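Taken in order, these protein sequences are the chains called A and B. Residue numbers are given in the numbering used here: position 221 of the first sequence equals residue 221, and the series is strictly consecutive. To get the numbering used here, take the position in the second sequence, counting from 1, and add 225.
Heads up, a few of these hints could be off.
Stretch-level coverage of chain A by chain B, calculated; a stretch enters the list once three of its residues show a Cβ under 8 Å from a Cβ in chain B [claimed, not checked]:
| hint | segment |
| --- | --- |
| 1 | 80-92 |
| 2 | 190-200 |
Negatives, chain B to chain A, calculated, CB over 12 Å [as the list claims (entries may be wrong)]:
| hint | residue |
| --- | --- |
| 3 | Glu281 |
| 4 | Ser308 |
| 5 | Pro353 |
| 6 | Glu356 |
| 7 | Glu415 |
| 8 | Ile424 |
| 9 | Thr450 |
| 10 | Gly495 |
| 11 | Ile496 |
| 12 | Pro567 |
In case anyone wonders, no lab produced these hints; they're calculated from the structure. As the structure is a computational prediction, the values presented were derived from the model and not from experiment. Even for Gly, the Cβ is constructed at its ideal location relative to N, Cα and C.
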Amino acid sequence: MLVLVVDSSTPAVTAALVEVSADDVALRAHRCTVDARAHGELLAPQVDAVLADADARPRDLGAVVAGLGPGPFTGLRVGLVTAATMGQVLDIPTYGVCSLDGIGYPAATGDPVLAASDARRKELYWAVYDGAGQRIVGPEVSTPAVAAARARELGATVAVGDGAHRYADTLGLPVRVEPRYPDATVLALLAAERIRAAAPTERLTPLYLRRPDAVAATARKPVLP
Amino acid sequence: MADEPLILGIETSCDETGVGIVRGHTLLADALASSVEEHARFGGVVPEVASRAHLEAIVPTMDRALREAGVTLADIDAIAVTSGPGLAGALLVGVAAAKGYALAAEKPVYGVNHLAAHVAVDTLEHGPLPEPAIALLVSGGHSSLLLVDDLARGVTPLGATIDDAAGEAFDKVARLLGLPFPGGPPIDREARAGDAASIAFPRGLTAAKDLAAHRYDFSFSGLKTAVARWVEARQRAGEPVPVADVAASFQEAVCDVLTTKALAACRANGIETLVIGGGVAANSRLRAMAEQRAEKYGIQVRVPRPKLCTDNGAMVAALGSHLVAAGVAPSRLDLPADSALPLTTVSV
């Protein structure tokens, strides 16, 4: 079954087509552009391009997989709304996967791993994976120092992801070079069981982890002196 | 009518998620989800709260619109979406949604100007707009006077507010008077029982010295402060605040300036049609005053019904329909959301 994968939780705007068969998940086409400020412009043309690359039409799709974040809100929503609207039109199921899993799962090879992406405001979105790639803590948002302390408690010996590169000094863990951003094939792999079982469609709710910046209205200041 | 293109419109520039469907000038569906109640305790629209609500509402709102019109996305000929101006994060949800629908259904997408859509919506109620026309657009985010030569290709801005939008002044005065957010409807209601001539509030940018540089511009910040000073003086003197009279007098000042300048623009340009749109156009006094004053100059005032004045998807569909009929080319898939889209750009 041909599956569209989108992720816009990091500066890497990603669209991919994968073929999910009974025993395999194979990449058919892939477009990724690293630009933190143009998610809205980049994603739709990339979806169009991967369809063209695979010589496929939207109606050939059997499911959509979307990275749920965590990630900076505005960009994150682009991927989720694209996935949800395409799923609606095509009447195909949509499945969500924590975007950090697309970094942490493939990086885990025996020892626990800290996967981190940039949360801006000098913070990280992060999660810790055991040696088999299962997420054991997270996703959370905190300062790099707090993430590093928790990761060490959990026995992490290596860090991975764009956030790990950015805060390598604070984290004090060796940094694996790849994957730096959520891997589209891995996101599909982590949804493959649901895809094969034709599991019910899922509402794609973003992993915001932060509340909106807003304060309730306070008393009005008088204009008279 | 069945030959005319079927156009879908998506609106998410502020706190309303709207999906409208039109065929030609005929409205088939106008589905709306609002996050206004989530913003009330903040005293104004919180952009991130609005953006989150759009993401949750877009799919169900689309479902409702399609059901209401009795069509599927496969039947739609083109999708129009507000690409600006408005709140950046909120616009982006609508633009990304429109592209998702357009991609999946293999339809063209048109990124359109929110303010031009407020003008176009009138065609759903009153038919084709005579051009040129003058348009007065007044809402919580905008207060503009436009010369509409050709709604499909460009409009000429004549003036705009230099500080607060008219709707913003309604919100702030409502808060001062202890009335709920948004302030337009409660002030309109209170004003009906008040005396509009009881308090002489200032008319911004109407003095001769201001008209030279700001003939068609508006200013509502000074009016809002004048109301605050008047109310506070009453309160400090231990006297009750006559809410209905304050509401009526404030509303009268706003409507007086808006209609005076809009009709002056019509007369100066020899134009016989004035269209009023935007949320403030739902105000009953503005509608009545505009019609009454226009009559003596032989100017025809066109104001859509209140539900079409506030933000909605039908207005975007109406503009999309106009663009398709005029043979305007669709937008590209890399269409950006532009929070500051200029008035001179009708479609991107």
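Going by Cβ atoms, does Gly495 (chain B) stay more than 12 Å from chain A at every point? Holds: least Cβ distance 42 Å, greater than 12 Å.
Does Glu356 (chain B) sit more than 12 Å from chain A, CB to CB? Holds, since 33 Å exceeds 12 Å.
Verify that the Cβ of Ile496 (chain B) lies farther than 12 Å from every Cβ atom of chain A, and report whether the claim holds or is violated. Holds, since 38 Å exceeds 12 Å.
Non-interface claim for Ser308 (chain B): all C-beta distances to chain A beyond 12 Å? violated, 10 Å
Assertion that Thr450 (chain B) lies outside the chain A interface [Cβ separation over 12 Å]: Violated, since 5 Å does not exceed 12 Å.
Distal placement of Glu281 (chain B) relative to chain A, Cβ over 12 Å: The claim breaks: Glu281 (chain B) does not keep its Cβ more than 12 Å from every Cβ of chain A (closest is about 8 Å).
Taking the closest pair, is the beta carbon of Pro353 (chain B) still more than 12 Å from chain A? holds, 32 Å
Residue count check for the segment 80-92 of chain A against chain B: does it reach three with CB-CB under 8 Å? holds (count 10)
Closest CB of chain A to the CB of Pro567 (chain B) still more than 12 Å away: Label holds. Min Cβ-Cβ 18 Å, cutoff 12 Å.
Outside-interface status for Glu415 (chain B) - nearest CB in chain A farther than 12 Å: holds, 18 Å
Closer than 8 Å, Cβ to Cβ, for at least three residues: run that test on the segment 190-200 of chain A against chain B and report holds or violated. violated (count 0)
Given as non-interface: Ile424 (chain B), partner chain A, CB spacing beyond 12 Å: holds, 16 Å
In this structure, the hints that do not hold are numbers 2, 3, 4, 9, in rising order.
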